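S.K.: This is what each chain is made of:
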Amino acid sequence: MQEVKQRITILTSFLAIAAIAMLAAAIAASKTAGIVLTMVVAYIVFAVFLIGFVYRIIRWAISPVPFRIPTTCGQEKSLPWIKANPLECPFGNLGVIGRMAGEIFLFRSLFRNSKAELVNGRPVYGSSKWLWFFGLMFHVSLLLVILRHLRFFTEPVVPFVGALSSLDGFLEIGIPTLYMTDTALVAGLIFLFMRRVLVPQLRYLSLFTDYFALLLIASVAVTGISMRHFFPVDLNEIKTMTMGWVTFTPVVPGKTGILFYMHLCFVMVLIAWLPFSKLMHMGGIFLSPTRNMANNNRARRHVNPWNAPVRVRTYKEYEEEFREQMIEAGIPVESTGPGEAEKDKQD
Amino acid sequence: MLEKALSGSRGYWIWITLLFTLFIIGFFFYMRQLDYGLGITGMSRDISWGLYIAQFTFLVGIAASAVMLVLPYYLHDYKAFGRITVLGEFLAVSAVIMCILFVFVDLGRPSRVMNVLLHPNPKSVLFWDMVVLTGYLLINIVTGWVILSCTRNEIPPPRWIKPLIYLSIPWAISIHTVTAFIYSGLPGRGFWLTAIMAPRFLASAFASGPALLIIVCLILRRWGRFDAGEKAIQALAKIVAYALAVSIFFVLVELFTVFYSGLPEHKEPFVYLFAGLNGHTNLVPWMWTSAILAFTALVILIIPAARMKSDWLAAACIAVFVSFWTEKGLGLVVPGFIPSPLGNISEYVPTGAEIAITMGVWALGFLILTAFYKIFAAVRLSLDTAGNTADLEC
Amino acid sequence: MKQNKWRIISLGIAIFIIGVTFPFWYGKGESPVPPALDLDTPEISLLTEKKCIEDTAFMRTKHMKLLKAWRDEAVREGERLYTAGDGRVFEKSLTGSCLGCHSNKERFCDRCHNYVGVAPTCYDCHIIPGEVKK
Amino acid sequence: MTTGRRDFLKTAGVTLLTLVFPGIFSPVGAKENTFRVGAPQFLKSSYPQPLTAKRWAMAVDAAKCPADCRDCMVACHALHNVPDFGNPKDEIKWIWRENFADVFPNEQHGYSAHILTDLQPPVMCNHCENPPCVRVCPTGATFQRADGIVMMDYHRCIGCRFCMAACPYGARSMNYRDARSHISELNKNFPTRAKGVVEKCNFCEERLSKGLLPACVEACTQKALVFGDVEDPLSEIRLILEKRFSLRRRSHLGAGPQIYYLL
Amino acid sequence: MSSLKISQPDELIRISYETPKTAWMDTPTVFRPGTWSYAAAPKNLSYLGLPNPRQWQPSDEDWKLPDNWRQIIIDGMKERLEKYRSFRLFMDICVRCGACADKCHFYIGTGDPKNMPVLRAELIRSVYRRYFTTVGRCFGALAGARDLTIDVLKEWFYYFYQCTECRRCSVFCPYGIDQAEITMIGRELLNLVGCNINWVIEPVANCYRTGNHLGIQPGGIKDMLEFLAEDIFDRTGVKVNVPINKKGADILFVAPSGDYFADPGTYTCMGYLMLFHEIGLDYTFSTYASEGGNFGLFASHDLMKSINYKIYAEPRRLGVRWILGGECGHMWRVVHQYMDTMNGPADFLEEPVSPITGTLFENARSTKMVHITEFTADLIRNGKLNLDPRRNDHIKLTFHDSCNPARAMGLFEEPRYIIRNTCNNFYEMAEDTIREKTFCCGAGAGLGNDENIEMRMRGGMPRAMAVRDVVKKHGVNRLGCICAIDRATLTTLMDYWVPGVNVMGVHELLGNALVMKGENERTTDLRGEPLEGC
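Chains A, B, C, D and E, in that order, are what the protein sequence lines are. At position 152 of the first sequence the residue is numbered 152 (the numbering used here), and the sequence of numbers has no breaks. At position 245 of the second sequence the residue is numbered 245 (the numbering used here), and the sequence of numbers has no breaks. At position 54 of the third sequence the residue is numbered 54 (the numbering used here), and the sequence of numbers has no breaks. At position 231 of the fourth sequence the residue is numbered 231 (the numbering used here), and the sequence of numbers has no breaks. At position 508 of the fifth sequence the residue is numbered 508 (the numbering used here), and the sequence of numbers has no breaks.
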């Protein structure tokens with residue numbers, strides 16, 4: 001039952017991809033649809049992405065952080081002769097910046113990953129950095145691939161893009177040369193996907209969106225790589241279209257082929273869906289209160305904007321109840337009898 | 001486990017910084033070499049291989065020597081090596097990485113390096129060298145890492161690791177044999193054209209590699225909070241002694257053949273090495289130093305009383321290492337080109353850039369080695385002493 | 001405290017927006033003119049039938065692959081003649097055949113290559129006709 | 001196109017190990033069959049017939065070479081854009097002259113006639129029958145054509161220089177640095193070489209394909225160089241070799257050089 | 001131990017990590033005896049003014065919820081989404097990478113996939129998607145959304161009271177998603193409809209009334225402390241003073257009530273008393289603020305604030321300079337991360353300066369509350385204590401980092417510094433089980449009750465096994481900690497998994513080693529066990 005359900009989920013994500021591909025093919029076949037896609041939908045998608053992304057960030061930002069709750073992963077700053085760990089347990093802003101940089105650029109927390117197993121009735125925690133390695137590889141490659149695409153969006157091409165492309169294509173494999181990041185991107189995706197499909201626990205907790213996100217990015221990559229290496233397209237037409245976008249003079253590209261429309265549709269689905277999906281982790285990580293706060297709680301007071309009043313039991317109420325007993329035990333008391341005229345002022 | 005390489009004492013970080021600086025300097029000069037071409041080196045039309053390939057050849061030997069720990073432990077159940085086979089495997093890993101890097105920096109068109117896989121020529125020994133070196137790298141990374149992980153978790157290693165370890169034994173022999181074949185299979189180079197090249201390589205490898213291991217073990221004992229055990233170190237010292245003796249014997253055999261037969265094509269490079277040819281004597285002092293060091297080390301190592309003293313042992317091992325580095329690193333590659341097929345004698349002197357790049361590769365190799373050994377020592381330390389591992393430093 | 005929070009958030013959002021809209025303001029809104037293929041060379045003007053080796057669409061998208069195939073066939077197989085789809089025969093030669101007509105490399109090849117950010121290595125070795133005169 | 005398939009069959013048996021890789025490393029592996037759209041129909045009448053042979057070879061009558069003659073070298077180096085760096089370290093040469101004693105180290109004794117020992121025969125790549133350089137090349141950048149020419153594919157060479165170590169004749173040169181600026185006059189019809197590749201004489205295969213003899217042969221006013229198909233019993237070179245005594249350089253190495261020195 | 005029968009350790013350790021036959025949304029929650037805690041008694045709810053007091057048990061079919069319970073919860077979620085960025089963010093950004101899965105001691109101990117932090121969070125995340133996100137509203141199950149049903153509520157109850165808020169998952173999460181935060185919100189939501197456990201609510205009610213969880217009244221506190229002083233006299237011949245509710249003292253000392261009412265916490269408390277006497281500290285206990293621990297943390301932010309109030313109210317009344325806190329885990333989570341924000345600012349106190357060494361505790365500048373190990377480590381460092389670690393030679397110690405000081409404070413070196421100066425035989429456990437990677441005792445966050453015994457033993461298994469390893473390797477016989485819950489629950493855990501290992505606080509170790517002025521030759525340790533070599 002469970003197995004069938006999992007398989008259906010995985011299959012559905014493939015079907016969703018196929019549906020987008022089919023839609024793209026249909027669009028490629030129809031001139032009007034092509035015009036609508038490249039001249040209208042493109043802007044809508046970008047607007048959805050931009051506004052959606054900013055909206056999500058602001059939405060998070062509006063919710064206050066009532067308490068200072070950093071997860072401390074190293075020695076706190078306490079006595080001067082005890083070596084504190086400013087990155088794992090930052091006391092000041094600099095440390096927080098360092099810690100966040102570690103998380104964002106090096107996936108610090110994932111680097112800690114381990115694998116728990118029971119071996120001969122004893123739990124063992126093996127080092128397990130594959131997720132860190134492939135995850136980092138995937139994300140860095142994706143970033144570089146996106147940056148390389150600036151060659152289609154800038155004229156004259158931003159200088160660093162050329163340098164990046166030649167570095168990326170340093171190994172002369174094929175013509176045009178194979179980009180290492182393309183390979184790494186696909187390798188990362190394959191790892192992440194296979195891991196989800198093959199590890200029973202992960203398959204158990206994975207949702208349709210988890211598979212779909214990976215497959216969608218993979219589809220973008222595969223169509224892009226195909227256009228570079230197997231079914232070349234006229235880049236001139238493509239750049240004319242992309243430059244039309246960024247100069248607000250959209251033009252419909254000439255003959256570019258189904259593959260290009262697929263690539264375009266996958267990208268559009270990806271960025272339009274992004275603000276509504278878990279892919280927002282790219283923005284969310286900056287706001288994570290367990291990571292982006294300094295562990296200086298006792299040194300600097302954190303203010304809760306909605307600090308709600310609660311019912312409290314004052315000392316006076318307490319003494320009222322236990323006064324006799326306290327006097328008997330010789331514990332000092334504030335007043336000796338009940339019915340004290342003076343009322344305690346509650347704060 | 002990788003994270004263990006990221007924390008250490010002040011001395012550790014000074015050492016790491018030093019190596020890293022050397023690496024960066026080397027990298028800078030490599031960028032220059034990429035820009036200018038290999039002309040930045042001292043290599044020429046006549047001496048077309050130099051320092052890089054020489055280091056590669058020497059390091060293949062270091063890599064192969066891991067087998068000298070694995071073989072006694074796994075085939076003969078020699079327990080004293082149990083704690084340090086991983087050291088040998090990690091030494092092999094970093095040596096092979098250096099080998100690959102030396103070949104890489106020696107390429108005129110490094111960007112096309114993948115052509116070896118895209119358009120392989122199975123008749124080329126270099127192709128096979130690539131295959132055996134990559135294979136050896138993988139075998140040793142996997143076995144070293146898996147065994148260390150299991151040690152750390154105090155669980156028995158998985159069953160599949162055993163065959164892999166057994167495979168590593170012939171494989172270690174193969175890397176140095178195939179590397180020797182690069183040289184000994186060339187028709188016009190009398191100096192290299194000798195069937196004893198592969199055995200000579202192996203003998204010198206089994207002396208210089210374990211010598212380096214002994215040095216490392218002595219360093220770890222003094223500064224690394226890890227003791228390999230006197231028994232293991234002495235056993236290694238004996239291996240060095242025998243391998244050194246065999247190695248010297250092989251060289252003498254070679255010298256006899258060459259000089260007694262008097263074949264000019266075979267003789268001239270040796271004359272160049274030990275006496276100079278037509279007034280060209282660049283390598284003569286180096287070679288004699290090498291020879292003297294080798295004999296001195298042999299004497300120290302075969303006298304048990306001397307061998308037992310760690311200072312003497314360290315001196316002997318350094319002598320062995322330097323001697324074979326000179327023999328392989330300087331005296332093996334260059335003389336093959338002297339005289340040239342057209343009777344030229346060009347001498348070879350590495351340039352500053354070339355030396356910087358060479359240092360850079362060594363630095364990177366030692367960086368990797370240090371990281372591996374740091375991880376190893378940290379794992380052992382937490383297993384052996386458990387307490388007081390905290391780094392409470394003020 | 002509160003102000004500080006919004007300062008950081010708005011800075012982050014600003015960086016994000018500037019980052020993703022980079023292409024919009026990088027070109028200052030000027031529409032670049034896509035490079036037209038300049039076919040105005042003396043050699044081409046002499047041709048009676050102005051037709052490349054294969055049809056334009058094919059040449060536009062696959063010329064690099066054609067050149068790669070030519071390169072391997074000419075060098076490794078010694079096959080130096082290329083028969084086009086319409087039966088015409090050409091020498092497999094970048095400098096001879098291609099640049100023979102397209103003698104204006106800068107205006108024909110480079111413009112497009114620069115426009116889409118492509119840096120072919122052909123001319124590291126193969127010589128551009130104009131260069132000889134320099 | 002047949003390149004791919006033939007290459008594959010040649011290497012398939014022994015390169016099982018690498019079989020996993022082509023899929024990854026050769027995205028264009030499927031090859032471009034599409035380019036051969038139609039069958040060859042006719043050659044342009046203007047295109048010359050190529051010269052072909054079963055095995056190309058050259059005979060050198062060194063005695064005919066005047067002491068100071070450099071015609072063949074000048075012609076070859078100019079035609080092939082061979083640079084002149086002006087130093088022996090980076091030197092690149094395809095054809096040059098050497099002392100008899102160095103060309104034939106095994107063919108001398110203290111009492112040879114001066115007429116022999118004073119000779120400075122031109123040397124070049126021997127286009128060996130059994131070339132060690134081809135054997136050792138890890139990428140097949142150096143290969144032997146069916147007609148015996150040992151070719152360099154400058155697009156494929158990785159610059160490992162194994163071939164230089166393997167060549168017993170010192171016929172190969174490495175491009176240690178950029179060559180273009182050291183070529184006095186570029187020949188636009190022949191490419192230069194990028195830095196980092198090895199190069200050597202190619203028997204003017206680019207000229208043979210156009211029906212022309214090698215440049216050195218053509219340039220030699222003394223008719224000291226004879227070029228032809230040694231497998232053709234009626235060819236000039238075959239007739240000369242059958243008539244006259246000839247030497248090959250270091251023939252005991254078994255490489256089978258195809259440059260014959262007439263004495 | 002409890003009356004409940006649970007299987008033997010060798011049987012319990014046979015844990016299957018195979019996934020169930022049914023998808024997690026379709027897997028019903030079974031309230032198996034030994035794996036859940038009793039519902040809160042109505043009298044405690046009423047006393048605290050909490051909603052829906054009634055007689056019920058989680059194993060009942062009918063939970064007697066108010067008719068509009070669903071609306072209450074949805075509204076509660078909405079309110080909390082707006083009040084806590086952590087909650088909203090953690091609902092949104094999880095990518096289900098699974099890095100947290102095998103980091104949870106309850107998952108390792110049960111193999112129940114809903115104990116993977118990621119799935120525990122999905123329990124509430126799925127409901128969040130259904131009611132608060134567009135995608136969830138439109139695509140339903142495809143987007144991982146589901147309706148809030150009574151079964152979902154029961155599932156929440158079962159699994160949110162199967163999380164000890166130890167934050168270990170948060171250490172490994174690439175985004176720092178903290179299951180403790182989600183559990184806290186989850187429990188708050190359950191509280192809104194009166195679904196809570198007695199072992200949390202009763203201590204809170206006690207604490208509200210008497211100042212401490214155990215409900216000890218002022219006289220009892222005094223008796224107990226004086227009894228401990230007598231014990232100290234028996235062991236050392238030194239008479240120590242026990243100041244209580246003393247106005248004008250320098251320092252108010254607040255310890256967890258477990259330390260003066262239950263073994264082995266009492267020995268730790270003796271350590272405190274001996275230390276304070278020896279250095280001549282002018283301090284006082286308080287019967288009103290007689291509890292550092294705060295079970296409110298395990299129920300809701302409001303209850304936490306409510307019972308934390310006394311720790312600031314009392315020093316103001318007594319006019320002390322600053323506050324010193326004893327060895328307690330969740331007490332320090334509250335003190336360190338919440339107190340100043342909730343009940344501060346403590347501007348009526350002075351910045352804490354050790355009256356003995358003159359050290360200013362800069363890191364406690366605002367909250368004005370210092371951890372006893374910080375205080376003691378400073379004393380030792382400045383040579384103010386005469387210590388004889390040989391008196392602990394009969395002890396082979398390993399140290400358990402309690403979750404809260406470890407992952408919500410970063411307190412690692414201070415206790416170790418004290419240990420190294422008071423004990424010659426100290427052995428660390430495996431590195432994956434200490435410091436920020438430490439494993440929970442399995443009974444924190446209000447789960448340390450007897451009816452929950454199986455789940456406690458399962459959740460504590462990773463900790464216990466790590467102890468067992470050092471027992472085997474180094475002959476360890478004592479487990480040190482700086483948490484009162486640890487002292488109470490680890491004892492049971494050790495008895496079950498590693499018999500022969502006793503639990504102690506760091507200040508018990510100090511009390512043993514402390515050479516006091518005018519003391520008799522010691523022949524036994526604080527527990528009355530003979531010293532080695534005597």
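Hint data in this document are derived by calculation from the structure and do not stem from the laboratory. Note that the coordinates shown come from a computational prediction; the quantities given were computed from them, not determined experimentally. C-beta atoms are modelled at their ideal positions from N, C-alpha and C, and glycine is treated no differently. Any given hint might turn out to be false.
[Said to hold, decoys possible] 25 Å max Cα-Cα, derived DSS-like pairs, lysine-lysine:
id	chain 1	residue 1	chain 2	residue 2
1	B	K4	A	K83
2	C	K51	A	K278
3	A	K5	E	K154
4	E	K78	B	K79
5	D	K243	C	K68
6	B	K4	A	K129
7	A	K115	E	K83
8	C	K92	D	K188
9	A	K255	C	K68
10	E	K83	A	K278
11	A	K115	B	K79
12	B	K123	D	K188
13	C	K92	D	K243
14	E	K83	A	K83
15	C	K5	E	K384
16	A	K255	C	K5
17	E	K472	A	K278
18	A	K115	B	K162
19	B	K79	E	K437
20	E	K154	C	K5
21	C	K68	A	K278
22	E	K437	A	K129
[To be verified] Just a few of them, taken from the derived set where beta-carbon distance is under 8 Å, the chain B residues facing chain D:
id	residue
23	R45
24	H119
25	A306
[As the list claims (entries may be wrong)] Derived Cβ-Cβ restraints for the label pairs, each shown as a range:
id	chain 1	residue 1	chain 2	residue 2	range
26	C	G96	D	E236	54 to 62 Å
27	D	D84	B	I215	43 to 51 Å
28	E	E61	A	A18	56 to 64 Å
29	B	A195	C	D110	42 to 50 Å
30	E	N477	A	V197	54 to 62 Å
31	A	V197	C	W6	37 to 45 Å
32	C	K51	D	F85	42 to 50 Å
33	E	T524	A	E317	21 to 29 Å
34	A	E317	E	D223	48 to 56 Å
S.K.: Now tell me if each hint is right for this structure.
M.R.: We went through each hint and held it up to the structure:
With a C-alpha separation of about 18 Å, the suggested pair K4 of chain B and K83 of chain A falls inside the 25 Å cut-off, and the hint holds. Only pairs whose Cα atoms come within 25 Å are accepted, and K51 of chain C paired with K278 of chain A is rejected, the gap being roughly 53 Å. Restraint check for K5 of chain A and K154 of chain E: satisfied, since their Cα atoms lie roughly 24 Å apart, inside the 25 Å limit. Using a Cα cut-off of 25 Å, the hinted pair K78 of chain E and K79 of chain B is violated, with the two alpha carbons roughly 66 Å apart.
The suggested pairing of K243 of chain D with K68 of chain C is violated, with an alpha-carbon distance near 46 Å, which exceeds 25 Å. This hinted pair checks out: K4 of chain B and K129 of chain A have alpha carbons roughly 13 Å apart, not beyond 25 Å. Proximity of K115 of chain A to K83 of chain E is assessed by CA-CA distance (about 35 Å); at most 25 Å being required, the pair is judged violated. Note on K92 of chain C and K188 of chain D: the hinted pairing holds, with a Cα-Cα distance of about 16 Å set against a maximum of 25 Å.
For the proposed pair K255 of chain A and K68 of chain C, the alpha carbon gap of about 24 Å is at most 25 Å, so the pair holds. Only pairs whose Cα atoms come within 25 Å are accepted, and K83 of chain E paired with K278 of chain A is accepted, the gap being roughly 21 Å. For the proposed pair K115 of chain A and K79 of chain B, the alpha carbon gap of about 30 Å is over 25 Å, so the pair is violated. As the CA atoms of K123 of chain B and K188 of chain D are separated by approximately 36 Å, the hinted pair breaks the 25 Å bound.
At roughly 41 Å between alpha-carbon atoms, K92 of chain C and K243 of chain D are farther apart than 25 Å, so this suggested pair is violated. In summary, the hint linking K83 of chain E to K83 of chain A is not supported, as the alpha carbons are separated by about 36 Å, beyond the 25 Å threshold. Annotation: proposed proximity of K5 of chain C to K384 of chain E is violated, straight-line Cα distance about 44 Å (limit 25 Å). Between K255 of chain A and K5 of chain C the alpha-carbon distance is near 50 Å, which puts this suggested pair outside the 25 Å criterion.
The hinted pair formed by K472 of chain E and K278 of chain A fails the criterion: a straight-line CA distance of about 46 Å is larger than 25 Å. Of the pairs offered as hints, the one joining K115 of chain A and K162 of chain B holds, with about 23 Å between alpha carbons and a cut-off of 25 Å not exceeded. Proposed proximity of K79 of chain B and K437 of chain E is contradicted: the alpha carbons are some 35 Å apart, above 25 Å. A distance of roughly 38 Å separates the Cα atoms of K154 of chain E and K5 of chain C; the hinted pair therefore is violated under the 25 Å criterion.
Straight-line distance between C-alpha atoms of K68 of chain C and K278 of chain A comes to about 44 Å, which puts the hinted pair past the 25 Å bound. A distance of roughly 16 Å separates the Cα atoms of K437 of chain E and K129 of chain A; the hinted pair therefore holds under the 25 Å criterion. Among the interface hints, the one on R45 of chain B holds; its C-beta lies about 5 Å from the nearest C-beta in chain D, closer than the 8 Å criterion. With its C-beta approaching chain D no nearer than about 5 Å, H119 of chain B sits inside the 8 Å limit, and its interface hint holds.
Taking 8 Å as the C-beta cut-off, the interface hint given for A306 of chain B is violated, the closest approach to chain D being about 41 Å. About 30 Å separates the C-beta atoms of G96 of chain C and E236 of chain D, a value inconsistent with the hinted range of 54 to 62 Å. Look at D84 of chain D against I215 of chain B: about 49 Å separates their beta carbons, and that is inside 43 to 51 Å. Against the hinted window of 56 to 64 Å, the Cβ-Cβ separation of E61 of chain E and A18 of chain A comes to about 46 Å, which falls outside the hint.
At about 57 Å, the CB distance of A195 of chain B to D110 of chain C disagrees with the hint of 42 to 50 Å. In this structure, N477 of chain E and V197 of chain A break the distance hint of 54 to 62 Å, their C-beta atoms being roughly 48 Å apart. With their beta carbons about 43 Å apart, V197 of chain A and W6 of chain C fall inside the hinted range of 37 to 45 Å. The beta-carbon spacing between K51 of chain C and F85 of chain D, approximately 45 Å, falls within the hinted interval of 42 to 50 Å.
Our hint of 21 to 29 Å for T524 of chain E and E317 of chain A is violated, since their Cβ atoms are close to 44 Å apart. Between E317 of chain A and D223 of chain E the C-beta distance comes to about 23 Å, which lies outside the given range of 48 to 56 Å.
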